[in-house]
Amino acid sequence: MQAQPQSIIGTLSPIAILFFLAFVGVTLGITYWAAKRTKNAAQFYAAGGGITGFQNGLALAGDYMSAASFLGIAGLVSLKGYDGLIYSVGWLVGWPIVMFLISEPLRNLGKYTLSDVVAFRLKHKPVKTAAAVGSLVTVLFYMTAQMVGAGTLIKLMFNLPYESAILIVGVLIICYVLFGGMLATTWVQIIKAVLLLGGATVLVFLTLKQVGFSYPKLFSEAVRLYSPKFLEPGGLITKPLDAFSLGLALMFGTAGLPHVLMRFYTVPDAREARKSVFYATGFIGYFYILTVTIGFGAAILVGKTFITSIDAGGNMSALALAEHLGGGPFLGFLAAVAFATILAVVAGLTLAGASAVSHDLYVGVFRHGKAKNDLEEMKVAKAATVGIGVIAILLGLLFQKQNVAFMVGLAFAVASSANFPALAMSIMWKRFTTAGAVWSMYTGLTVAVVLIALSPTVFEDVFQAGHVKSRAAAVATLARFDGYAKDSAKALADLQPKVAALTAELAAPGLNPKIRDSKAKDLQVTQADLTLLQGGNFAVALSDAKAAKAKADGEVSAAPFPMKNPGIFSIGAAFLVGILVSLFKREEEAEEKFEAEKVRTYVGIGAEGSASH
Amino acid sequence: MSSKTAHQILDDPEFLKLVRQKNAVTVVLTIVELVLYFGFIALIAYNKPFLAERVSAGSSITIGIPIAVGVIFLSWLLTGIYVFWANNKYDAMVKSVRERMGR
Chain A
246 MQAQPQSIIG TLSPIAILFF LAFVGVTLGI TYWAAKRTKN AAQFYAAGGG ITGFQNGLAL
306 AGDYMSAASF LGIAGLVSLK GYDGLIYSVG WLVGWPIVMF LISEPLRNLG KYTLSDVVAF
366 RLKHKPVKTA AAVGSLVTVL FYMTAQMVGA GTLIKLMFNL PYESAILIVG VLIICYVLFG
426 GMLATTWVQI IKAVLLLGGA TVLVFLTLKQ VGFSYPKLFS EAVRLYSPKF LEPGGLITKP
486 LDAFSLGLAL MFGTAGLPHV LMRFYTVPDA REARKSVFYA TGFIGYFYIL TVTIGFGAAI
546 LVGKTFITSI DAGGNMSALA LAEHLGGGPF LGFLAAVAFA TILAVVAGLT LAGASAVSHD
606 LYVGVFRHGK AKNDLEEMKV AKAATVGIGV IAILLGLLFQ KQNVAFMVGL AFAVASSANF
666 PALAMSIMWK RFTTAGAVWS MYTGLTVAVV LIALSPTVFE DVFQAGHVKS RAAAVATLAR
726 FDGYAKDSAK ALADLQPKVA ALTAELAAPG LNPKIRDSKA KDLQVTQADL TLLQGGNFAV
786 ALSDAKAAKA KADGEVSAAP FPMKNPGIFS IGAAFLVGIL VSLFKREEEA EEKFEAEKVR
846 TYVGIGAEGS ASH
Chain B
129 MSSKTAHQIL DDPEFLKLVR QKNAVTVVLT IVELVLYFGF IALIAYNKPF LAERVSAGSS
189 ITIGIPIAVG VIFLSWLLTG IYVFWANNKY DAMVKSVRER MGR
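Chains as they are written, first to last, in the working numbering: chain A, 246 to 858; chain B, 129 to 231.
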């Protein structure tokens, strides 16, 4: 059932371009339509509160279903099996928390942003500044990961130069947000969500058709081709504390993402807001189940070897499966959807970033909460949009050669540590003070960023990328040699046919260039090993490999902070500092206002204005 | 809103009941979700062999698969329960309090 190593992935496919141009055409049309309906600040930030719960549910799901989660989780499942499924569960469980703890008060207390809510009964200037910093940092980290991912993916999918990809994304998102505001951003998100859910559904349908619409068959094939271990928890989670820490960051991070929380103001009332979270959770859960199925499908129908020969991280597994089952046109369609996904997510982030600058910082802090007039706020918001869009392009270009996978984790760490604790305490705890909020936010932000910088993910894999790479190579060589040492006769017998097979595959016409490269490297190594075993001094080579591994080990200095996820410490520190500082000195005014806030939080009295603006 | 009306509402028994009920529902559902997810994480961290067991003899499917899908499904169901409660019960209570306060 496995695919032949012919693939058009990585070549500029006219069908993909056609689909992509159609998407751009439609979304620009919507932007033109939305521009006529985006005349004041409320329309710009919140689409005038005129989105329905169902539409907003799709848009929320769209904000969350990034290309990274579609291609990344399918890839992870196709290579690691059950561990990928564990990962996808973590991305969903923040939504009930958003619903139960955040949605109601957020909706009733705020106007456009989460800092409106944190600052509701506290001193606006310091609190809004801190909240805007937290929001901006979250947005910029998330954005960097998306932009670099966009450039790399587009290069991988269409063979388009990285810089042009970044520029296309940057210019389009500025157009959407600048002219169409939240209304255009929401509709771009809705269209993309429908395309992504639809495309993934078709892909799952085609996959299940291959196994007679039987999940047991799908799984038994996976076990037959790989091993029973493929369906068991493996090495992803080894340290319990790290696992809990990741879980906390994913759960509370979702409840602190500015671009997600902003969407609560696009619906007319609390009732629609709740419904939208219910729809969003359903769509996202369905999407992850599809993605996991796609991952397993790719593993059994396309095969791990083929997937890793296109991209070592497995990111192309969903597209490889699409090509295998639906041919070039379906591949082109899905590749265009993946591109559209990136556009939509970055547009949402840009709007959230622009709101933090214009609504929180300019109006909330610089203008003491009141812009001269609506026109002024709009002007600032539009200038901020262009600014954030340009920053997105620059970040994409600046981090081109960097490994930025950690930045999504960092965005969630900051959201869960800087934004969520202050938001929760401001809503729920009467004694919470301005000083407590400010200290909590800056502590959460600093601890999260510093601990991640000192963690293995960044301190080793990013700062010492070269050494880590050579260590991995040394480990792989030694593992191979150890295998030969165990049974050299079998190794010799295995290597000879492998050389012949690889040579034959390389000679085949029309081989995808990426796969050719990976196979050529494989052949080179296999050939060298064979020569060594046949006539070389294997004992010397083995001891050399051991020495090389020991040397490579010594060159990587261990991360000072041993955990991959600092959540448990950074979230804990933000809560602890917020509580201690608040208890240290009372703030009478904030406590008095808590009464009024309580009425507004629970029954919405006083919040009517936010729906009709 | 003047603080007088605020205090009127704050002392209102119906408002107090509404706050109590809302908090109870929120706290219970949040705890259920936390137990659900962190229970799953605890199984992965401390009892991998259990998740690796097969659902039945001769099947390739591990217990871990329905459990993971179950966590996703139950999380969604919990949001559904909250929406159902809030859109029917809670909104009615809110409406009643607001009407009596003349708002």
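Worth double-checking, as some hints may not be accurate.
[Stated by the list, open to error] BS3-like mimics (lysine-lysine), calculated; alpha carbons at most 27 Å apart, straight line:
| no. | chain 1 | residue 1 | chain 2 | residue 2 |
| --- | --- | --- | --- | --- |
| 1 | A | Lys474 | B | Lys150 |
| 2 | B | Lys150 | A | Lys549 |
| 3 | A | Lys675 | B | Lys150 |
| 4 | B | Lys150 | A | Lys838 |
| 5 | A | Lys675 | B | Lys145 |
| 6 | A | Lys400 | A | Lys627 |
| 7 | A | Lys356 | B | Lys217 |
| 8 | A | Lys675 | A | Lys731 |
| 9 | B | Lys223 | A | Lys325 |
| 10 | A | Lys675 | A | Lys325 |
| 11 | A | Lys325 | A | Lys838 |
| 12 | B | Lys176 | A | Lys356 |
Bear in mind the hints are in silico, worked out from the structure with no lab data behind them.
Hints, one by one, checked against the model:
1. A:Lys474 x B:Lys150: Since the Cα atoms of A:Lys474 and B:Lys150 sit roughly 45 Å apart, the hinted pair is violated (cutoff 27 Å).
2. B:Lys150 x A:Lys549: 50 Å, violated
3. A:Lys675 x B:Lys150: 17 Å, holds
4. B:Lys150 x A:Lys838: 21 Å, holds
5. A:Lys675 x B:Lys145: 19 Å, holds
6. A:Lys400 x A:Lys627: 30 Å, violated
7. A:Lys356 x B:Lys217: 26 Å, holds
8. A:Lys675 x A:Lys731: Violated, at roughly 68 Å.
9. B:Lys223 x A:Lys325: Given pair B:Lys223, A:Lys325 is violated - Cα atoms ~52 Å apart, limit 27 Å.
10. A:Lys675 x A:Lys325: Outside the cut-off at roughly 47 Å; violated.
11. A:Lys325 x A:Lys838: The given pair, whose Cα atoms are some 52 Å apart, is violated under the 27 Å limit.
12. B:Lys176 x A:Lys356: Distance ~46 Å between B:Lys176 and A:Lys356 Cα, so the pair is violated.
Taken one by one, the earlier hints fail for this structure at numbers 1, 2, 6, 8, 9, 10, 11, 12, listed in ascending order.
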